[in-house]
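**Student:** Heads up: the sequence shown is residues 9 to 212, going by the numbering used here.
The set of hints was computed from the structure by calculation and includes no laboratory data. Warning: the hint list may mix true and false statements.
[Stated by the list, open to error] Pair ranges (Cβ atoms, derived):
| # | residue 1 | residue 2 | range |
| --- | --- | --- | --- |
| 1 | T144 | P77 | 51 to 61 angstroms |
| 2 | D146 | P14 | 39 to 49 angstroms |
| 3 | V89 | G168 | 12 to 22 angstroms |
Beta carbons are placed, not taken as given, at the ideal position from N, Cα and C, and that holds for glycine.
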Amino acid sequence: MTDAEPQIYLASRSPRRRELLSQIGVRFAVAAADCDETRHPGEHPEDYVLRLALEKTRRARARLPGDDPRPVLGADTAVVVDERILGKPTDIDDSLAMLGLLSGRCHRVLTAVALIAADGERTDLSESRVTFRTLTQDECLRYWATGEPRDKAGGYGIQGLGALFIAGLTGSYSGVMGLPLFETARLLGQAGIELIPPAREVSR
9 MTDAEPQIYL ASRSPRRREL LSQIGVRFAV AAADCDETRH PGEHPEDYVL
59 RLALEKTRRA RARLPGDDPR PVLGADTAVV VDERILGKPT DIDDSLAMLG
109 LLSGRCHRVL TAVALIAADG ERTDLSESRV TFRTLTQDEC LRYWATGEPR
159 DKAGGYGIQG LGALFIAGLT GSYSGVMGLP LFETARLLGQ AGIELIPPAR
209 EVSR
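Generate coordinates for the entire structure from the input sequences, incorporating the hints supplied.
**Tutor:** Okay, structure coming up:
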């Protein structure tokens with residue numbers, strides 16, 4: 009493999025996940041595959057995101073040539089309030105309802121990561137806790153008008169204007185964005201992909 013070739017495939021179309029992988033120097037090609045994201049009856053949020061991350065990764069792997077040895081990485085993120093999973097808002101009313109649930113309280117953000125490599129399947133899970141300040145309806149209306157909430161789980165983006173709402177964060181900033189880099193790096197390392205190149209010479 010040359011330095012120009014991708015090291016892995018990314019089973020996601022998310023521009024934020026692409027940005028985060030690029031941040032840590034991973035060369036990748038996008039090989040996204042859709043799957044049914046319906047939550048199973050009684051399924052815990054942790055099990056839900058782990059199942060979807062692995063299913064997306066398996067579907068992407070199935071579409072690639074069988075003799076391609078490169079790992080496939082997938083992820084899934086859920087914003088959770090009182091065990092309720094908040095998806096992407098469907099319209100302005102849905103957005104206002106979601107932000108109303110998040111306003112003035114703490115919620116969980118779960119991001120599962122899955123990797124399929126030559127030696128098998130691996131998964132990992134990141135959990136973060138995000139605290140919102142109290143929001144006014146006018147703020148929520150103006151936020152919807154920016155267009156930012158439309159494609160975001162939970163109806164906000166921590167890397168954009170949504171950061172203005174966040175009073176506190178415990179856990180992984182990159183995990184809330186959609187790809188926890190600590191867990192991702194750990195899975196890639198287990199598959200033999202080194203992210204920090206060896207030093208040619210160490211000066212003291």
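**Student:** Does each hint fit the structure? Answer for all of them.
**Tutor:** Evaluation of the provided hints:
1. T144 to P77: 51 to 61 angstroms: 53 angstroms, holds
2. D146 to P14: 39 to 49 angstroms: 45 angstroms, holds
3. V89 to G168: 12 to 22 angstroms: Cβ of V89 to Cβ of G168: about 20 angstroms, so the range 12 to 22 angstroms holds.
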